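2 protein chains.
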Amino acid sequence: MAPMLSSDWRDRCTGEHPDPFPVHTLRRVDRPTTAIHEDRIQRFDEREHGFNRSARGDYGAFVKAERLRMVNKHPLSGALLTMQGMLGHLVDSGDRVPVDAKAANGPVPVLPPVADRRAPGTEDPDRMARNIKETAYFLRADAVGICELPPYAVYSHGVFTGEPVELQHKHAIAILVDQDWRTASAFNGRDWISNSMSFMSYSTSGFIACLLADYIRRLGYPARAHHARNYQVAVPPILLWAGLGEMSRIGDIVVHPFLGPRFKAAVVTTDLPLAIDKPIDFGLQDFCAKCKKCARECPSGAISDGAKVMHNGYEKWPTDVKRCTSMRVANQKGSGCGTCLKVCPWNKPYTPLHRAVNWTMRNIPLARNFAIWGDDLMGYGKPDPARKWWLDLEDVDGGGFQVPKNVLSDDTFLD
Amino acid sequence: MAPMLSSDWRDRCTGEHPDPFPVHTLRRVDRPTTAIHEDRIQRFDEREHGFNRSARGDYGAFVKAERLRMVNKHPLSGALLTMQGMLGHLVDSGDRVPVDAKAANGPVPVLPPVADRRAPGTEDPDRMARNIKETAYFLRADAVGICELPPYAVYSHGVFTGEPVELQHKHAIAILVDQDWRTASAFNGRDWISNSMSFMSYSTSGFIACLLADYIRRLGYPARAHHARNYQVAVPPILLWAGLGEMSRIGDIVVHPFLGPRFKAAVVTTDLPLAIDKPIDFGLQDFCAKCKKCARECPSGAISDGAKVMHNGYEKWPTDVKRCTSMRVANQKGSGCGTCLKVCPWNKPYTPLHRAVNWTMRNIPLARNFAIWGDDLMGYGKPDPARKWWLDLEDVDGGGFQVPKNVLSDDTFLD
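Residue numbers (this note's numbering), protein chains in the order written: chain A, 1 to 415; chain B, 416 to 830.
Derived by calculation from the structure, the hints in this document are not laboratory data. It is possible that some hints are incorrect.
Claimed, not checked - Derived list of chain B stretches under chain A, where covered just means 3 residues or more per stretch with a C-beta under 8 Å from a C-beta of chain A:
1) 483-493
2) 545-551
3) 595-608
4) 689-700
5) 801-808
Keep in mind it's a predicted model, so treat the numbers as computed, not measured. For glycine and all other residues, C-beta sits at the position ideal for the given N, C-alpha and C.
Make a model of the complete structure from these sequences and hints.
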């Protein structure tokens, strides 16, 4: 059998490998495929994230006002955000659900402390790496990778307190959850389901990370979950070192070889002994240099069609954070924006045809010259109305949901 | 193409149907395939469940003592139980995470009340049934069905308060989550991962149910999530009416045509207008009459190899609840017991071979005479040690985890 057919989406059911994707066939390298100059990196202050800047008014009064209803303006993303907020309180020992809970719901659990005694057999890094990956897949993660926690990936300050962040854990476990191909094939990249796709993956990966961290603490090792409502780490460098993707033209977005950019990630940091993964090279630097479809399609013009730059010690394609954030926060014709995810040629289902194309793009550099042409020709990147399943609903002023004035338009850029 | 190949596990990715399984090919019937005499049913008092009876000592002092550590004696099922307990506090409006939460984790979310205004377009039962199913699948449910809420499925009293249960919702939405084929193929039915399989599916289906109920309340309709740490309903009759399976020889266990008994379920009850599903008939009554493998293999001897009986208005195969519960609670060589799940011939992965066998068993009654013979011949029901991934660990006295004295034995019945 050809290498591209040596594995299958069903590997986890039928094969010897626990991973749902054939990650064992990927080319491993010693360092990420984009330069990282550790000595030049300033740790990131979470308060300077685009969403936090928009909330304090750096992108103007209109964007600041829209930030308040950004996720809650659709009922499904609102529910997901609330759950995500709950999970933000369940990341470490001592976290708990409510003291004022209804007694009818029974006793109130508390996340237990790190066990005094280390469980026997947990000292072997190879054994524990396998156990942690299998456990994460058992908990329904789509992809998992492990690296040493780069000290420069730890935020300098947290957004809620403004206090300096102290996090000394040795390892980071990254957990990816797919944003759902069926929905991705139906949406136009920036209509009323876009935020729900993000938050479904955020809350589901966060749910898995909270469970995994509790499990590790019960084994006798410190562990903390990090997810979209409670990160102490910047995720992209962790994904690179854990072999879960390469930096892409989209900017600070890591693309996974089988999910493309169609995922969100949560992380568990811990001192559990763990064998680490190596970074991967599936040709994305060459691919993104040639393709440029995300830059062509970005409704806010935030994505560059030019060359990579060095920024804070990282080699990356530059993006205009203000334009990207403002589009996502203040989109008047949808909830959020994931147009780059939508149009990226790596955003495909894992079917036999796409497995074959995927193998070709990873292994035959010449084929990448025709990638965007073929992708356009096949009609990818366009919404499929037959699969649209969500309700177009908008809460404008907190008074209840109504049918939005603007639905499924291609002209959504906020100027 | 033959009917058995007309659909695929990948339907959700590639086909016109949102369901991961080809449920549209199943034979629908007007009533469940086992008799239900609504007028004779006494609503069930949750306090009389086997697990609750074991906790108050009805099955002896040893079982009562073991009940306290039953799930927490393994680190993974312990973490899942704690999360499940958290979700038990997030089932309805006003539920919230902690007032005493660390400020560092940001604002404390509260589940919002039912929206004052009903969202436009939510009055159409067909449209909303499709939307709810797609939403549940988007949230990563494996199977979803909808029925009218049978009043007799509502518990008479809750276990935590002893108060009468009042629940008047019109509809029930049932959400199934797979217990993971890979793990099911590896375990022996009653070793140290068994409880984790149950609780992974309980907590994951509960997570989805809590999200779905919040979403429905935002649309302007009452809705309540029901899951293993906070049920107000008995699940089996809901699964029957929602077309998610038939009563099986295992006893109170509903078997799904494509998952077998390898799932746990959560429910959302609501007044949202919803088109209902019809019960299914895939030949299970004839199959279970002939097969009897679960009765042969049950380590506690709780499963009958005899005929069905009428019990409290339900036609069902009888089980010995005391023997079943005592085995699961006080298993000294593992955590819990799912031997019936393990050995049931319907517990298979959804691969081409098994799709073909599945079609045959659903459609060719004569083939069922050879089912248990063929299943035994192929070696199904035995553990596959090459796939074992979990840690055998046991907390005996609350003092920390140790390697259990008893591992992977076939001789685990507690006498």
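inquiry  = Name the hints, by number, that the structure is in violation of.
reply    = 4
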